[in-house]
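Participant: Chains as they are written, first to last, in numbering that gives the first Met the number 0: chain A, 0 to 362; chain B, 0 to 362; chain C, 0 to 419; chain D, 0 to 419.
Rather than coming from a laboratory, the hints here were simulated on the basis of the structure.
Keep in mind that a hint or two might mislead.
As the list claims (entries may be wrong) - Computed footprint of chain B on chain D, listed as stretches where at least three residues anywhere in the stretch have a Cβ under 8 Å from a Cβ of chain B:
1) 222–231
2) 257–265
3) 269–282
4) 305–318
5) 360–370
6) 376–390
Virtual Cβ for every residue (Gly too), placed ideally from N, Cα, C.
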Amino acid sequence: MTTATTKVRKKGPRDNGAPDYKQNLHPLMVKNYGTWAYHEFVKPGVLVYVAESGDKLWVVRAGSPRTMSVDKVRKICDIADRYAEGYLRFTSRANLEFSLAKEANIEPLIKAVNKELGFPVGGTGHSISNVTHTQGWLHCNLPGTDAAGSVKALMDELFEEFVNDDKLPMRVKIAASCCQINCGGQADLSINLQHHHPPRIKPEGVGICELPKVVAICPAAAIRPRAKDGTTTLEVVDEKCMYCGACHGQCPTMEIRDSETDTLSIWLGGKTSSTRKGPAFMRLAVWGLPNNPPRWPEVGEAVKKILSAYKQTGRKFERLGEWVERIGWKKFFELTGFPFTKYHIDTTEMARSTFNTSAQVRL
Amino acid sequence: MTTATTKVRKKGPRDNGAPDYKQNLHPLMVKNYGTWAYHEFVKPGVLVYVAESGDKLWVVRAGSPRTMSVDKVRKICDIADRYAEGYLRFTSRANLEFSLAKEANIEPLIKAVNKELGFPVGGTGHSISNVTHTQGWLHCNLPGTDAAGSVKALMDELFEEFVNDDKLPMRVKIAASCCQINCGGQADLSINLQHHHPPRIKPEGVGICELPKVVAICPAAAIRPRAKDGTTTLEVVDEKCMYCGACHGQCPTMEIRDSETDTLSIWLGGKTSSTRKGPAFMRLAVWGLPNNPPRWPEVGEAVKKILSAYKQTGRKFERLGEWVERIGWKKFFELTGFPFTKYHIDTTEMARSTFNTSAQVRL
Amino acid sequence: MADKIDTGMVDELESGPWPSFITDLKELSKRKPAVGQLLGQLNQSYKDKWNYWQGTVLNVDGYGGGIIARYSELSQQYPAIAQFHTIRVIPPAGWVYSTKTLRNLCDIWDKHGAGIMQMHGMTGDILLLGTDNETTFDCAEELFENGWDLGGSGGALRTLACCVGQARCDMACFDTMGLTTHLTNTYISQLHRPEFPYKYKFKLSGCPNDCACSMQRSDMPIIGTWRGPMQINQDEAAKFVKEHGEQYVIDNVITRCPTNCIKLEGKKIAVDDPNCVRCMHCINVMPKALRPGKDKGVTILLGGKRTLKIGDTMGSVLVPFMKMETEEDYQKLTDLVDRIWDFWGSNAHDHERVGEFINRVGLGTFLEGIGLEPDPQMVRAPTSSPYIKFEELAPSRFGGESKHNPAVRSEEVEAMERAE
Amino acid sequence: MADKIDTGMVDELESGPWPSFITDLKELSKRKPAVGQLLGQLNQSYKDKWNYWQGTVLNVDGYGGGIIARYSELSQQYPAIAQFHTIRVIPPAGWVYSTKTLRNLCDIWDKHGAGIMQMHGMTGDILLLGTDNETTFDCAEELFENGWDLGGSGGALRTLACCVGQARCDMACFDTMGLTTHLTNTYISQLHRPEFPYKYKFKLSGCPNDCACSMQRSDMPIIGTWRGPMQINQDEAAKFVKEHGEQYVIDNVITRCPTNCIKLEGKKIAVDDPNCVRCMHCINVMPKALRPGKDKGVTILLGGKRTLKIGDTMGSVLVPFMKMETEEDYQKLTDLVDRIWDFWGSNAHDHERVGEFINRVGLGTFLEGIGLEPDPQMVRAPTSSPYIKFEELAPSRFGGESKHNPAVRSEEVEAMERAE
Ligand code: SRM
Ligand code: SRM
Ligand code: SRM
Ligand code: SRM
Ligand code: SF4
Ligand code: SF4
Ligand code: SF4
Ligand code: SF4
Ligand code: SF4
Ligand code: SF4
Ligand code: SF4
Ligand code: SF4
């Protein structure tokens, strides 16, 4: 396989590094770099930035499926050339952003985005922005579910929350991950795959990986070498294994997935910003949802149930996790009807730090 | 030794249980049990309780050294008989409380308490109440310092804070413990003994304890049996030992104390009440103070330095730990001049939960 | 002999405004020579920064604890304290005494011992310091005759402690003294005869102010609380606001509420009761205007202790609310305690307190073991770790496998293994 | 062949208002047969709830990463995707493009690959999906020719990511794009040639709002902040108060401040700056009235990552404040990074990220290892455990013993052992 590299061919330069961002900045960004004074929300998907120089830059955000054909990307360029001085950017949630020097271009651009790309404009303010997600069955070697597809199905359900910016107490960030490795980030709400048993070792494959490396990667020290018919193979101590799948990433032989038993869980309250009480981790809310392609309706239902409770009782500027903390998890489970089970109780070394070590109760 | 129990003697009843509290209650407490409506602070050391019936009960609190002769206790009884209808109680901080049916008895009682007992009246409201403490060299077999004595020396320094109830932002609870077992409680401020090396095994003593029990009690699995000259003795793996002294409690042979190296540390911010943010653990503030009988002046100095910063910058109703949390530990170390060192950084399994995992900094 | 004893260092503790136990004990030493020798040994300790007590075990007939035996290493020099034990005595709940009761104790103790008393020990016992192997028994028998009893020590239930509660406090939400007495007497055998893996302490506080330090100093804190709305006297509230000013109320009450659930609406106080977590703060500041609600009961927690071994732990919520008034309520509580002791007693390691045991087996498993449903109020928040073993979702071929934490019902596992 | 491919299940993803990548890829499949076969395999995955990719390693000459190689298990049926690799490409910092740049990328990719792009991957790369063992190299070389470069993978520095920052945001406290580019280029060798124990990610956010998710998704979050007073425009503040009402400001600004350090005094805003922890909340709500202070810089944190193995971690404060404007500032930062990589690189286990490494050796030891003084801002609060090994206070006969945590300088230990 790597023999391919030995073929004689013309070699390009090496170690170019990052393309120069300055070449790729809208002229108003170059001019007012570091001197932006304030911003205002114009309407869903549209903000205006005012520089100390008095310059104004309008930004229009469009939802994107992240996975696109070169043809689609070229169409995006066409629109940017027409209305946005030939510049654009993508956001940290894979949305598309056009920067406009002229206010008059806003509506034509939105029309073009809607019509020519089929993309909605929105995702700003107190909306549900794009779902950050992972590879899924499209490309990764480890997934137990799809990513781009399940996200498309979910965003269809949450479309109104994307194209409006005032239907929610605060901006809601959603993520999805397709195996327990969790390349998807922490988020206000995340839908993650959950495995339910130790890896089954495919005996035919054991030769292909470096056994010591596989043994070493297990965080629970659950894998041990075993002599069998003269060769060394591996075995997993079921009691120790925590179904994390680290070994599966190291060696495909350690098959952790199970199309019959893998399920999806919903996690709540992740937050990376240092606002107010600071960053927080997501917490298990709902477990055991079926992994149900092509549209995962049970997941959509559950998410909407949660968001509806949040909409009704959340306070302005209160992120999803802050809301649950204020009303208490007891109330959360009451409002949504999901059960609180022993599996919600932490069992890690840090478990005690999650206990209610106070007489503070809601009665 | 236990042969003494075989001696023929008249036997009293067994398993009496607790004395009946009802027999020991002031008549107004019996009458208004469970129907007290509110209380008011009359002056330092004196509160009045008003019942729904309209009855009033005056309570006078006096500081006590906890360790007393029977003669002193009889004098207390005399005073209670004279002014408090023949009843009294002790508080959870070993203070003395007289309950008075008659307001007119307050001043005569206070005079008697001061003169006849030599006890001060105070400890209520925003004062420093009695220091809860342990046995020390008076009776325990494990102490590295004294308790009653060091507390007497400290309370001499804090006398003004005891007899007043408005010199501090909030009530301050102090505790002291005489070995790392810490029979003294968590407190707003606690002075605790600190050992600095693994136990030295007194070889002559190894026979006297059950070796497996000694081995088993070690939380760090640092003790192991070792064969020596035909008998089994013990050895301690220095790297694993955390100087906790659990083995010393189990077996006197495991000598953990060291008169040359033991020091005292000051811990801040313990809180058992569920008020506001709820209970909290104390945190290491100052370490390496000398264990300096008979009056431990360095400890008194350090405590006063902390309290003076608290008095100056604390807000009303803000417990000591809440104050530090609000102003930040950085500021605390600046205000008091004590150093922040690597030893202040947690190294336990829970360490990460003490890290500043946010971009929230005071600059 | 007394005049030969050097007390030079401890004498330094006679000056200063705080009452000196040295002065008091010196006085006592005039009629109790052992006390003089005790001061001598203490002085030696001050000089050497060293302790001269050895500890062992001494039991009164029929008791497995309650006496803390001490032998002096300086008995050559101080023979009167060669043996110098402490007797732990159970006080009336809430440390209340009639002078009659207290004088009776003084008389017995003066007769049999060195006459030093500590009112009270950190756990809550009356501590009587200074008996020898002989007088300990005589003293104990006379205590028993007079209705007193020994406190706990060793792997046993310890003497209970509680705050003054309803006897005098306007915050109290249940009868702390009554329940303390009830539990002491119900479990007097467990208190006297060490049969637990390790010590077990109850502390009872009438409200979340926790004046009995139950959260951090007892295995089973029982804390008074209430259901439903707080009692508000708006007239008193208005008076308070008028007297102190609005800004004072905002700064000292409104902004201090942990759940942001109390508001000042004009001169009125409004509480969003379902979000009030019964922290007591507002009630503490305005005790005439605000009071706990009428439907009172307790919150039961589990697992508090001080440092040794795993570090300090606090109690954590086990039963968010339980009424605690009738015989049946008391019965419900002791049923729960029995189940806990049963499960902990049969599965814990030696010297493992119930909080440490929960740390090891996991709270979920523990709840199953004692037959209690999980409740979201038991935790601040659900787990953030995805490494969870959902037994219901495991395929049958992996079914019934044990959990993340070691199985605690080891008997069953063994039985299963044998059956195979 | 295309018409024989069953896409029945994924076709369900063509309905609904959100843009469908299926529709887009179907369109593309008309001129790229591999894309049709990809959809076929995806459809099969949907049917079977099973994945059909095997992963291995493929390297471009002189690079140790950047290509994620995939082999289809259904290559019999779908030969065009037998090999179907992803090329990770470093984007311009902040994901900004001129259409010229972007069209250039499209052209190269259209020429050599399947034409599927992901803008962008979770780490921040441009992902180009669909090359085989041959075309990967041709594509890479043409990318290089045009100034592009490969992203990171394996035990190496990963492609950096940052928020839009000063290019457009009024909150930005440092030049995120400039520093991202500087670090990428300075460390381009560490990015391309895996020589670390495990991956290392930087993410840069211009302010504590952390729009780049640095706290939880990077080993080294670098977050903009400021020293000294916040900038307050009292006219704009008064306007805001007038427009929204006092109650709104109290409910949504004043009571939300984590340190209770912002007040409304009449129509004026007063901030107790030394207690402001730069949480951004008040500024976010009132961006015209409030702005970060003028003396700007960064807070540097360490140790964030997602779940695998020890569970999620966040960055924790390493350097509370550092200016980040001049060459020297940049140099100070890279010096620090070098020291961290050196210490982590020589002492960490295989597959141990820097946060996991700190968990194992302790933050105190780590700071010594990288030569940084402890600072109280690194922790929320000091330790609550009394089990501390104060080396200075150990008697000489026990001196120099190793700490609570295993010694990390294992070479030294080994050397010492050998010397004995
Ligand atoms: C464009 C983008 C940065 C980029 O470089 O790409 C961005 C841009 C802005 N963010 Fe952000 N944020 C962006 C991702 C994020 C993220 C990361 C993420 O979404 O995964 C976070 C952290 C989320 C978290 O904590 O888990 C984030 C946390 C914030 C916050 C803090 C919210 C809070 O209070 O916790 C603010 C302030 C606010 O909302 O008032 C904010 C505010 C803003 C402002 C208003 C800042 C400004 O003055 O320009 C920008 C427009 C906001 C809007 O959408 O209405 N931005 N922002 C990202 C847009 C993503 C998208 O397409 O939806
Ligand atoms: C008498 C006593 C109970 C007893 O059964 O013995 C008691 C009695 C009262 N406590 Fe207490 N507390 C007593 C020990 C405690 C303790 C335990 C301790 O000191 O070790 C605590 C827990 C401390 C902690 O959190 O670490 C305690 C936490 C409180 C609080 C909660 C303070 C807070 O906000 O955190 C209040 C409410 C307040 O201060 O407004 C309180 C309030 C009160 C009130 C006002 C309650 C009332 O309405 O009667 C009583 C008189 C207070 C005074 O001293 O001004 N009491 N109180 C204890 C007196 C000890 C002493 O001699 O000083
Ligand atoms: C007397 C007393 C201190 C005092 O002067 O008040 C005391 C004294 C001793 N404690 Fe304690 N503890 C005393 C209250 C406490 C408390 C406080 C409390 O109960 O509220 C604690 C902390 C709370 C807790 O239970 O954790 C406490 C935690 C310990 C421990 C550590 C237990 C643990 O699991 O962490 C030990 C060691 C052990 O049990 O192995 C211990 C052991 C001891 C021993 C028995 C030492 C030994 O192992 O030989 C001490 C006997 C001293 C003596 O000569 O009388 N003592 N001990 C307190 C009991 C008096 C009483 O009965 O009223
Ligand atoms: C492509 C991408 C997901 C996506 O669709 O966007 C991805 C895909 C993979 N990740 Fe990831 N990770 C991707 C961002 C992340 C992130 C998010 C981030 O960087 O902000 C994380 C969480 C943050 C972190 O670093 O912890 C992440 C945490 C992991 C982990 C767990 C690492 C850990 O220490 O916890 C692994 C497993 C490993 O490294 O052993 C992993 C491994 C993988 C592998 C290489 C699976 C494997 O071991 O073979 C996946 C390759 C899929 C493919 O076919 O391309 N990926 N991975 C993201 C990279 C795209 C890019 O370069 O821009
Ligand atoms: S979450 Fe798992 S399956 Fe999904 S892209 Fe990451 S490593 Fe692959
Ligand atoms: S799934 Fe995780 S815990 Fe189980 S064997 Fe594999 S690496 Fe170990
Ligand atoms: S703290 Fe230690 S020395 Fe002091 S009484 Fe308790 S066990 Fe004894
Ligand atoms: S002091 Fe503690 S850690 Fe050290 S040997 Fe004794 S029991 Fe073990
Ligand atoms: S705990 Fe509550 S009820 Fe008991 S004394 Fe303290 S304030 Fe009163
Ligand atoms: S008791 Fe505490 S939680 Fe309840 S309203 Fe008062 S301050 Fe708020
Ligand atoms: S992190 Fe701060 S500077 Fe960067 S885009 Fe977000 S708000 Fe602006
Ligand atoms: S930035 Fe945050 S901490 Fe600072 S004043 Fe504003 S709300 Fe308070």
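Participant: Determine for every hint whether it applies to the structure shown.
Facilitator: Hint check:
1. Residues of the segment 222–231 of chain D lying with their CB closer than 8 Å to a CB of chain B number 5, which satisfies the three-residue condition for coverage.
2. For the segment 257–265 of chain D, the stated coverage by chain B is satisfied: 3 residues place a CB nearer than 8 Å to a CB of that chain, which reaches the threshold of 3.
3. Counting residues of the segment 269–282 of chain D whose beta carbon lies closer than 8 Å to any beta carbon of chain B gives 6, which reaches the threshold of three, so the coverage claim holds.
4. Chain B is given as covering the segment 305–318 of chain D, and this holds because 5 residues of the stretch bring a CB closer than 8 Å to a CB of that chain, at least three being needed.
5. Figure legend: the segment 360–370 of chain D, annotated as covered by chain B; annotation consistent (6 residues with Cβ-Cβ distances under 8 Å, at least 3 required).
6. Closer than 8 Å: that is the beta-carbon criterion, and the segment 376–390 of chain D has 14 residues meeting it against chain B, so the requirement of 3 holds.
Of the numbered hints listed earlier, not one is contradicted by the structure.
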